[in-house]
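Asker: So you can see what is in the structure, the chains are spelled out below.
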Amino acid sequence: MPTYTIDPVTRIEGHAKITIELGDDGQVARARFHVTQFRGFEKLCEGRPFYEMPALMARICGICPVSHLIASSKACDAILAVAIPANGARLRRIVNLAQILQSHALSVFHLSSPDLLLGMDAPPETRHLFGVAAAAPEVARDGIRLRQIGQQIIELLGGRKIHPAWVVPGGVSSPLTEEKRDAILAMLPDGLAAVERSLDRFRGIFRAFPEEIASFANFPSLFVGLTDGQSKLEFYDGPLRIVGADGEVVASHLQPEDYPQYFSEVAEPDSFLKSAYYGKMGYPEGIYRVGPLARLNVVASCGTPRADHELGALRAFAGSPLLSSFHYHQARLIEMLHTIEKSEELLNDLDILNPHVRALAEPNCEEGIGISEAPRGTLLHHYKVDKNGLIRWANLIIATGQNNLAMNRGVEQVARYFVRHGQLTDGALNRIEAVIRSFDPCLSCSTHAIGAMPLDVELRSAGGELLDHRRR
Amino acid sequence: MSKPTLATVWLDGCSGCHMSFLDIDERLLELAQKADLLYSPLVDRKDFPDHVDITLVEGAVSSTDDLAKIRKVRAHTKILVSLGDCAVTSNVPSMRNPFGVDAVMRRGYVENVTEARPIPCSVIPTLLDRARPVHELVSVDVFVPGCPPSADLIYEVLGDLIAGKPVVSGSRGRFGG
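So the sequence lines, in the order shown, correspond to chains V and L.
Under the numbering used here, the residues of the first sequence are numbered 1 to 472, in order.
Under the numbering used here, the residues of the second sequence are numbered 1001 to 1177, in order.
The following block holds chain V by itself, in its conformation from the complex:
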């Protein structure tokens, strides 16, 4: 059987590759996504004081540092054995929503809008944000503005846009002032208008991609995400729920402390990114997805009116649960709408200026687990400390690793759909990038993929003979 390999498909700066094997019939037999960077945070934190962990772990990722601050601080709350003040939790929720907003804006506008707006087959020389700015300046400006609003909220709360040290074990380090609250509230109407404009603009565009909807990781899987304990969207705290492809609840009210009973992870020989699966169903049958698509699939509603209206419209078009990963894009826009609505609700809470935002304590437990929803899905930090609070061991379960099996299967599905008779076309290459991009993998948390990925693809036979070579 002739085996073809696409090797290497360099992702951004050579940090990921895709290989494809073809069968005798010229059809794709197997395709794999390889993540090629490793950073070692689970080990390098050993010996550090636990209270350094939020600021250190934030350095896993400059795109979603706040997500790591939150999960890490929650693990440290457990080490302190404190229930943090209600207003500290409220302020953490707001900064977490701002993080979701800015990160989703980056994904939708800076990274994916060139594919969506200019087309999957647009010339690579202009297939970027500046190309979008030339073709549709209002789209680029809305995207830049939405990301900016998220970043400015983070800065107003945390003192800086990237790696703020404001989220700390026990709560947050300073309360919100009236002036800052009003400054944030004043930005929200602008953001709301920009997201609604974008939803109006993209709704029709999304529907013009029927082949991509059909082939972009469109298959049954489990979906995992936090809920508010009822059936509403939740990003900060609450039990996990697992829903099947038929929409039935597979498991609910899962507590973070029990994660080894449901999250299992294995390493593959050819990727630095581990694969997570639902342990009770085994590997790889326990394949699940996390992130915007999964979060919308595990809840009945968002819990805010405008986002619920949009979710209803998406479900009417695409069904429920949403099975195609192409719909991650629209799910992201719906979540952006929700973050703005929800932030306004939280900022208008009568207790939002309450100065009690941090519980102080010594380390009281030798172990702590923190869980939250990062932009790309469920994030878990687990630490063990010695009696002085120095880190002995850490385990991190990152959203992108939980989507690894689905991304791999998605790459294979797209390759099967678009690579025909052993022919690699530019269109096929573009779409292989785009299915990965729909998951918005924070490969910075595992490698570095952002935006348009350079491709250097060689088709080789099993004997190593160069059959085809394409670059762009």
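Certain hints may be false.
Per the computed footprint, the stretches of chain V lying under chain L, defined by three or more beta-carbons under 8 Å from a beta-carbon of chain L, are [unchecked claim]:
| hint | stretch |
| --- | --- |
| 1 | 40-48 |
| 2 | 126-136 |
| 3 | 145-156 |
| 4 | 263-270 |
Quick list of in silico lysine to aspartate or glutamate cross-link-like pairs, DMTMM-like style, CA-CA up to 25 Å [what the hints assert, rightly or not]:
| hint | chain 1 | residue 1 | chain 2 | residue 2 |
| --- | --- | --- | --- | --- |
| 5 | V | Lys-180 | V | Asp-351 |
| 6 | L | Lys-1034 | V | Glu-138 |
| 7 | L | Lys-1165 | L | Asp-1050 |
| 8 | L | Lys-1072 | V | Glu-125 |
| 9 | L | Lys-1165 | L | Asp-1025 |
| 10 | L | Lys-1069 | L | Asp-1036 |
| 11 | L | Lys-1078 | L | Glu-1156 |
| 12 | V | Lys-387 | V | Glu-138 |
| 13 | V | Lys-180 | L | Asp-1152 |
| 14 | L | Lys-1003 | V | Glu-125 |
| 15 | L | Lys-1003 | L | Asp-1053 |
| 16 | L | Lys-1078 | L | Asp-1129 |
| 17 | L | Lys-1078 | L | Glu-1030 |
| 18 | L | Lys-1069 | V | Glu-125 |
| 19 | L | Lys-1069 | L | Asp-1129 |
| 20 | V | Lys-384 | V | Glu-257 |
| 21 | L | Lys-1034 | V | Glu-125 |
| 22 | L | Lys-1069 | V | Asp-270 |
| 23 | V | Lys-384 | L | Glu-1115 |
| 24 | L | Lys-1165 | L | Glu-1026 |
| 25 | V | Lys-180 | L | Asp-1025 |
| 26 | V | Lys-280 | L | Glu-1111 |
| 27 | V | Lys-180 | L | Asp-1050 |
| 28 | V | Lys-180 | V | Asp-190 |
| 29 | V | Lys-280 | V | Asp-258 |
| 30 | V | Lys-180 | V | Glu-344 |
| 31 | V | Lys-387 | L | Glu-1111 |
| 32 | V | Lys-280 | L | Glu-1115 |
| 33 | V | Lys-384 | L | Glu-1156 |
| 34 | L | Lys-1034 | L | Asp-1053 |
| 35 | V | Lys-384 | L | Asp-1102 |
| 36 | L | Lys-1078 | V | Glu-125 |
| 37 | V | Lys-232 | V | Asp-351 |
| 38 | L | Lys-1003 | L | Asp-1152 |
| 39 | V | Lys-280 | V | Asp-237 |
| 40 | V | Lys-387 | V | Glu-362 |
It should be emphasised that the hints constitute simulated quantities derived from the structure, not laboratory data.
Computed from a prediction, not measured in an experiment: that's the story for all the values here.
Glycine included, C-beta positions come from ideal geometry on N, C-alpha and C.
Given chain V, put chain L in place with the hints provided.
Answerer: Structure of chain L alone, referenced to chain V:
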């Protein structure tokens, strides 16, 4: 006269310096008028160009891929800027150095997995023994510390370099902040 050319490169870092660059917000569109961004995670180009006037590099040099990349970048860049603490000092990536590659890999792939399997080794690059700052491997022209450097600082430095003004390393920005 043609516009100066720019590139941004991302080695072993968190992408925070690139995010700080994006935090110049609408000035991105203005920058695109003054200079051509030829190569970057943000634009769709495969190989590093033959000649770039100014390249910003984020991150430490940690793998065989990083090393090959930074050598190529240096050879084809007029002014190489070490952007941020990981490029300037190797910062957080170098925290793995005292443990050694084996111990770090074992934690990730042997200890913290449900089912032990061989440590990943095929298709993917090899980690270097130590994560190192960029200037230990190639010559660097301008150092801009910060974790990350602020958007305003990045914009200011880029503006000066594009205008052909000298930039004194370390005169602006500080480690961590």
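Asker: Lys-1003/L and Glu-125/V: Cα distance at most 25 Å?
Answerer: Holds - the C-alpha atoms of Glu-125/V and Lys-1003/L are around 17 Å apart, at most 25 Å.
Asker: Taking only the CA atoms, is the gap from Lys-1069/L to Glu-125/V under or equal to 25 Å?
Answerer: At roughly 22 Å apart (the allowed maximum being 25 Å), Glu-125/V and Lys-1069/L satisfy the hint.
Asker: Take the C-alpha atoms of Lys-384/V and Asp-1102/L, compute the straight-line distance between them, and say whether it is at most 25 Å.
Answerer: holds (21 Å)
Asker: Mind taking a look at whether chain L covers the stretch 263-270 of chain V? Criterion is 3 or more residues with CB to CB distance under 8 Å.
Answerer: holds (count 7)
Asker: Would you mind confirming whether the straight-line C-alpha gap from Lys-180/V to Asp-190/V stays at or under 25 Å?
Answerer: holds (17 Å)
Asker: CA of Lys-1003/L to CA of Asp-1152/L, is that 25 Å or under?
Answerer: Holds, at about 22 Å.
Asker: Is Lys-1078/L close enough to Glu-1030/L, meaning Cα to Cα at most 25 Å?
Answerer: This hinted pair holds, its Cα atoms lying about 23 Å apart.
Asker: Given the hint that Lys-384/V pairs with Glu-1156/L, test it: the Cα-Cα distance must not exceed 25 Å.
Answerer: violated (43 Å)
Asker: Can you confirm whether the C-alpha distance between Lys-1078/L and Glu-1156/L stays at or below 25 Å?
Answerer: With a Cα-Cα distance of about 19 Å, the restraint between Lys-1078/L and Glu-1156/L holds, given a limit of 25 Å.
Asker: When you check the alpha-carbon spacing of Lys-1078/L and Asp-1129/L, does it fall within 25 Å?
Answerer: With Cα atoms ~29 Å apart, Lys-1078/L and Asp-1129/L exceed 25 Å; violated.
Asker: Is Lys-1078/L close enough to Glu-125/V, meaning Cα to Cα at most 25 Å?
Answerer: holds (23 Å)
Asker: For Lys-1069/L and Asp-1129/L, compute the direct alpha-carbon distance and say whether it is at most 25 Å.
Answerer: holds (17 Å)
Checked against the numbered hints listed earlier, the structure breaks hints 12, 16, 27 and 33; every other hint is satisfied.
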